[in-house]
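Each chain, written out:
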Amino acid sequence: MQAGLKDKTIRYSLPLLALVAAFLFPLFVSSPTYVQIMILLYFYAYLTTSWNLVGGFAGVLPLGHSAFVGIGAYTSTVLYLHYGLTPWLGMFVGGALAALVGVMIGKPTFKMRGAYFALSSIAFAEGLRVMVENINKLGPFTINGPRGLLIPLVGDSFIKYQFLRKEPYYYIILIMLILVLALTYMVSRRRMGYYLAAGGEEPEAAESLGVNVARYKLMAMAISCFLTALAGTFYAQLTLYFYPKGILGLDLSFELAFIALIGGRGTIAGPILGAFLLRPLNEFTRIYLGGYLPGLHLVIFGLILILVMIYQPRGLQEPLSRLYDKVIRKLTTRSHAMGVEKA
Amino acid sequence: MDVILQATVNGLLMGSIYGLTALGLTLIFGIMKVINFAHGSILMVGMFAAYWLVELTGIHPYLALFIVVPFLFFFGYYLQAIVIQPVFKAERHVREPITVIIVTTGIWYVLDNLAMMLFGAKYRVVTTAITGHTFTIGDLIISVPKLYGLIATLASAVLLYWFLKYTRMGRAMRATSLDRDAASLMGINQYKVYNIAFGLGTAVAGVAGCALIPFYYVFPTVGVVFDIRAFVIVVLGGLGSIMGALLGGMIIGVIESVFSQFMASTWTEGIIYVIFLFILFVKPSGLFGMKQDW
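Just so you know, the sequences run in chain order A and B.
Quick note: the first sequence uses my numbering, first residue 1, plus one each step.
Quick note: the second sequence uses my numbering, first residue 1, plus one each step.
Bound conformation, chain A alone (with noise of 0.2 Å):
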């Protein structure tokens, strides 16, 4: 009983840790470019978790999430440079549009079977790439077409989604993170994502039960699309440019995918593992080797994915947990131990 709750207390209080971690982080590291780093870290970590509760949890494989990410930050810009609408509300804007839009796409394809909707995500990013760089002016809106958008510098300006400094975009997307996690958390201990999980993996099982498998993969893409979008507008406006390429580019939506899957899809540490294993990965080797092979990150990505769909194909979430729960195993017999002698 004891120990029971020992071992609640220890296997909580660590991720607790590393969250006051994460939030003191900026006040000890003052150089601008570890915090980007960090930064762009939590970003991919965000956009993996969003990806990962329609290609995680609803066993399906969205191959153009980068499509979404372009919704978002391409409508809260538009909306921000024609209105001045603001883009905490832009970004709204954009997350119903994705949803919009990705629910076109689920729904004729999540009836078929999964190569269908994965090639059709392809298709439309790739689409949409392709009208958005064809584009200049869409209606009454610039759109500037290969040559991206760029939003001009006001300064400090909370309204406004700018700032100077680094931090407040660190706090912002690191609270966004953690709610995307704690959403996460939430659908896969609720009905929703039992039903996921059981149309998955089963989907003719789960539809004899009753459950209406289309429908709950619709409300995952929906939320997931939203979600999705809401981090291009963050995007938009740490780098306040972007262009087509970039931004709806197949590359980004592989590197989603890859890094979901690497790390453990369908499970809630594996995308923020595998974000935090492999971006530092690709930048470290593109900044030491690229210059003299270039490529060699790459070929070096797809040889892990290989390896560890071959050797670890729940992604490399499943050893390290079980280590996880070893160490903490070790920690609280100790402490058990310990307490037994003291009394």
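It should be emphasised that the hints constitute simulated quantities derived from the structure, not laboratory data.
Among the hints, a few may not be true.
As the list claims (entries may be wrong) - Label pairs and their computed distance ranges (CB to CB): (1) A:30 / B:285: 56 to 62 Å; (2) A:208 / B:165: 35 to 41 Å; (3) A:190 / B:78: 45 to 51 Å; (4) A:321 / B:255: 49 to 55 Å; (5) A:210 / B:121: 38 to 44 Å; (6) B:121 / A:84: 40 to 46 Å.
Every value quoted in this text rests on a predicted model; they were computed, and no experiment measured them.
We put the CB at the ideal spot given by N, CA and C, even for glycine.
Model the placement of chain B on the given structure of chain A, informed by the hints.
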């Protein structure tokens, strides 16, 4: 009118090559139920193999076929046996294993970027005995290498059809495609079937590689150009259908070629995606989609 007719003929010829790449993809999907995302990269490997053969030995590009196609067959065979099979075995109870799709994506990244490291990002062309040869029928100008491409496509499709329909191995493949468990119970070694199916799919990509060499650039990411089109084609024609892959390829080729007469060619790519999404909404099983895959 002449312009349109010419564009249609050009589109048909180029489209047959698209169809040829889609053929390999649809074959692998039909039997293994796996979308091979590395298919374009394997085409790239075939093109580079043909390129170096022609460049270094100076042989006729169509003679290179007899070396490149077996090479790619074994390349695919062992790729499937060594890299893909373990993942497949781990997920053998799933009808459509997502991890396998992901592994092929990994292979795509590795192959494309290895080529980038080895050969650099530059565009290569090889001048062969038939490069630039044309003949005319009335006002129509027809490119000789592209015509051979069309012939290669038709020949491959007929051979493949014959193989699947009339040989023992072909029957085993169709059985595995319909129900892999039942086929296993009948004594068919499904993993051997997969190796051969994958090898055949990549061998077809080898044919496409040799057919492309006389008139197309070779570069490390050339596969992506054909990959995306092949995906659209297989859905248009119906996943798993040989006939669908051929006709789908020609339809896409003609649309691309004719539309580029009226608008900027950057737009035609967008139109292909619009068609793709339209098909998904209206007739998701594709033009030749059947209840079963063969």
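Evaluation of the provided hints:
no., hint, result
1, A:30 / B:285: 56 to 62 Å, "holds, 60 Å"
2, A:208 / B:165: 35 to 41 Å, "holds, 36 Å"
3, A:190 / B:78: 45 to 51 Å, "holds, 46 Å"
4, A:321 / B:255: 49 to 55 Å, "holds, 50 Å"
5, A:210 / B:121: 38 to 44 Å, "violated, 55 Å"
6, B:121 / A:84: 40 to 46 Å, "holds, 43 Å"
Checked against the numbered hints listed earlier, the structure breaks hint 5 alone; every other hint is satisfied.
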